[in-house]
Amino acid sequence: MTGPPAIHARDVRRVFESRKGFFFDELVRTEALRGVDLDVDAGEIFGLLGPNGAGKTTFTKVLSTLLTPTSGTAEVLGLDVVRQAAELRPRIGLVLGGERGLYNRISARENLRYFADIYGVDVTSRDRRIQEVIDRVGLTDAADRRVEEFSRGMKQKLHLARGILHGPEVLFLDEPTIGLDPKSARETRKLIRSLVADGVTIFLTTHYMFEAEELCQRIAVLSRGRIVARDTVAGLRKLVGGDRTIEVEAYGFDDGEIGRLNGLPGVSRVLSEEFGPRLRLTMRVRTNELTLDAVRGLLANHPELAVRERRTSLEDIYLDLVEEEAS
Amino acid sequence: MGARTYSRSTSLLAVLRLSVLTFLADPQWLVPSLIAPVIFGLVSYELFTGAGPWFVLYAILGAGMMSMWGQTLYGSGWATGQDRHLGTLEPTLTAPTPYVYVVAGRVIWNTLAGLIGGAIVFVVVAITYGHPIPLANPLLFFLMFVFVIVTLAAVGVVFAAAYVYTRYAGFVQNVGEFAFYIGTGCMFPVVLLPFWSNPISLILPPTWALDALRYLAIPGYQGFSWGFWWDMAGAVGTTCVYLAIAGTVFHRVERHVLEAGDLNDW
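Protein chains in written order, with the numbering used here: chain X, 1 to 327; chain W, 1 to 266.
Honestly, the hints are just simulated from the structure, not real lab data. Built from N, CA and C at the ideal position, the CB exists for glycine as well. Warning: the hint list may mix true and false statements.
[Claimed, not checked] These stretches of chain X come out as covered by chain W in the derived footprint (C-beta under 8 Å, 3 or more residues): (1) 65 to 78; (2) 83 to 94; (3) 103 to 114.
With the hints as extra help, turn the sequences into a complete structure.
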């Protein structure tokens, strides 16, 4: 790491309280964040992964001054997100995406003009800047159409245009490619990479593992309000037990066989998953010593046995970590 | 790259521009801004025309006030409710421009629109019945008319804060609409209301301002206070109180919603 982190969070907790019942007498407490520690370097693309309800959006909102943490501290660009929110806001951008968050009855250009003015974009360069971001996100032909005529993907692009309009130093992207067709999603990822080349720090939440793997220098996995792992993709592979994944599939395995697979050299863990009548065992393997023939030899009494090897994907890592946390 | 701070005037103009664009793009606003004033004006004239020109004016002033409610007071609060509905409250609140300026810009627009709505009542009655409505002091009347709208806007700003605070603010505003018409003396004199309701009327700035307007417009008018200047003092005082409440409340409301995390709820 060179220089101070762009994002620095320590023991961030967030509890939501709501009242239920006919007389609102039942207090319901939901712990969305349970002590999150995180540092993001300036100029990197940092990915935050996690299942639905893990706390990703809550944490993104805390960092972008939209939500006050119940306890703990968070700083972005050295500014406290609660006490120095006013100084911080001009320097960050937030893209929450989705169908909402835009004025539907006016054009994309008018939306951007409004947000440019309240986000403090210099009026002398405003129109040029608006055209620049419109072109950059690929909305050139639709810029003067009403937003209500836009597809979900076009709205997503407009959200992105608004997020980068004022030239933020840190950009928070919550599911930026959700709803986009493959071509648009690829263009968006290209745009994200180009922003980093311009010196912008990107904090990205996504459900798409390939996207995180393709874009992010480092990744954190958030599960039930807690960071369960954070590292590079290579580092996470080591953490979950290796680069190699060997899958064996047959009509059932007994406990003795699973135990013997676990005892093979280099095997760090064996996970089992049912596929209809078949059972798949997924083995994470740390070393190159173990061959597929050795596995086949061990399970030779299964004539219908299928054995294959692949590289441990980020999705494997993610599922391992989340399941481990859940158990 | 863009500047790092917001400009108050640019922000106000931006909100004003957005308000005009959304107004022109949304035909439903024709009802409070054009159709309602015409109906209120014509109905008032027909109802009270036999009671003499000054009584007609009394009624038309109330009708104008009711049409301005929709545009000025209701519009100021409603626009913030729309921000919740559209999900634009979150990106607006993360902007460097304090939200109170966004509300202020909308109030300016709604004030202008309310002025047009009120004027429509007079014009429609004058054109339909072939003679202008008599005014005791036209210039002062016009200035006072603008001031009445400012008092409505002051209440509107407080409603806007309520809309930021909770998505249920619209319920209170809708329920209060008819009570507002009666309580402020739009429909009939406040003195006709039961005594216990008078304090409620007196804490509403438009009650004082409308009474002052009638003092100005109608010779020999006997309002609920001791004359025009008492009404003015009451109107200015209560308007200042509402604006002070709005100024204080907005910071607290913003803090509250950031703690509650329900900005996107609708």
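* Asked: Hints broken by the structure, by number, lowest first?
  -> none
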